[in-house]
Amino acid sequence: MGKHRTPYPAEFRAQMVELVKAGRRPEELEKEFEPTAQTIYNWVAQAGRDAGVRHDGLTTAERQELTKLRRENRQL
Numbered sequence: 001m002g003k004h005r006t007p008y009p010a011e012f013r014a015q016m017v018e019l020v021k022a023g024r025r026p027e028e029l030e031k032e033f034e035p036t037a038q039t040i041y042n043w044v045a046q047a048g049r050d051a052g053v054r055h056d057g058l059t060t061a062e063r064q065e066l067t068k069l070r071r072e073n074r075q076l
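Numbering (full-length UniProt numbering), first residue to last: 1 to 76.
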């Protein structure tokens with residue numbers, strides 16, 4: 001099982017996404033920073049969803065709303 005860690009700050013994730021958009025490869029960033037290349041790929045994909053470029057999943061706002069509604073349902 002993977003270890004649970006504190007999420008990376010939003011600013012750090014955004015910086016990694018910008019570096020990929022600028023031409024850096026996630027595999028190269030993985031060696032320089034802590035997150036795995038797959039994690040960075042996931043951040044880039046999510047940023048695309050949030051920007052309306054990708055339509056293959058939920059945006060961050062939709063995920064937050066879903067989490068909130070599920071929490072409310074558990075309380076009922």
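Among the clues, some could well be false.
Between beta-carbon pairs, the in silico distance windows are [what the hints assert, rightly or not]:
| no. | residue 1 | residue 2 | range |
| --- | --- | --- | --- |
| 1 | D56 | F12 | 19 to 27 Å |
| 2 | Q38 | L76 | 17 to 25 Å |
| 3 | N73 | E18 | 30 to 38 Å |
| 4 | E32 | R70 | 19 to 27 Å |
| 5 | A14 | E62 | 14 to 22 Å |
| 6 | F33 | R74 | 31 to 39 Å |
| 7 | E28 | K68 | 30 to 38 Å |
Everything labelled a hint here was simulated from the structure, so no lab data went into it.
Virtual Cβ for every residue (Gly too), placed ideally from N, Cα, C.
Margin query: Which constraints among the numbered hints does this structure fail? Numbers only, ascending.
Written below: 2 and 4
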